[in-house]
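Using the sequences and the accompanying hints, generate a full structural model.
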Amino acid sequence: MSKLPPIPSWIPGSDLLHPTFRYTTPAIPSTVDELHKLFEPKTSLYAFVAMTAFNPVFWNFVARNEYRNKTITKVVRSPLVGCYLLAITIFSISAFRDHLFLGAVKDQPSLAILGHPAIKAAAIALFASGQTFVITSMWALGVTGTYLGDYFGILMSHRVTSFPFNVLSDPMYVGSFLTHLGTALWFQSPAGIVLAAWVWIVYAIALKFEGPFTDKIYSAKNKKTDGDSSSPVPTPTSASFPATPSRRSGRLAAKASAPNSDADSDSGSASAAPIKATPRKTARKSVARGEVATPRRVTRSRSQGLASGVSGEE
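All residue numbers for the sequence shown refer to UniProt numbering, where the first residue is 1 and numbers rise by one.
Calculated directly from the structure, the hints in this document are not laboratory data. Please note: incorrect hints may appear among the correct ones.
[Said to hold, decoys possible] For lysine-lysine, the following BS3-like pairs were computed, each having C-alpha atoms within a straight-line distance of at most 27 Å:
(1) Lys70 x Lys221
(2) Lys224 x Lys70
(3) Lys106 x Lys120
Below, the structure written as structure tokens:
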């Protein structure tokens, strides 16, 4: 049976299947000098340390600025598009960090005792479990849930309680740490183990800021929802609708504004001053001596009939 050809070096992950080891100390270091030889000050080591610290600072700064100022949303005119752009950016810088980690581990010396089969098996188990936590977390949360969609206003309707969130509170960060630790053990790198611990420290600090701020976002959402549900619903008799005037009050208002005389009808202004009533002149009961009586004016009234005649008595 012929041996399978090796995987080309340009394929990502090929170094994991064909690791190389460089020993600078005995299997078990016994002196301080031998321990120092396990850590070499190289650029790849410092680059990974800096990149690991930079990533959480970057995405937390960008996400909080987006939550307060909507900078990305204003540029792309869509919170969903903005979230996907940030997701691509975070994924890219995380992949670059992993590339730096692999380079740093390969540049550092290996320790022979870490080549024990049991440790190799533990390395495989840690790497597999770490990737399982990361992939299943992304599947459960989706793109917007994984890559800070809540800072863009894309909130989840309910808390995810399925695997792996029923096992760990922060499975993505734990999974990333386990992946780095498994890789370090696979390459038998003591420096890689220290770098994996650095990943855990950085993530633990990041969670101190991310957790409370995320709780604040959903707390504000719940308060707004409770406020909307407690507001009264307008009814036909509420103040939001104008009251219907009664017909009687309308007739009274029309009657009060009606003109009191023919002279008033010629006036076009409804706000003219009311005309005072002229007192009725009483009929003279007696006629002065020597005064000739005049005929009485013929009048028609609702209260009395037609009257005519001459009042000629003195």
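Here is how each hint holds up against the structure:
Between lysine 70 and lysine 221 the CA atoms are separated by roughly 17 Å; this keeps the pair inside 27 Å, and the hint holds. Restraint check for lysine 224 and lysine 70: satisfied, since their Cα atoms lie roughly 19 Å apart, inside the 27 Å limit. Taking the CA atoms of lysine 106 and lysine 120, the gap is about 17 Å. The hint holds against a cut of 27 Å.
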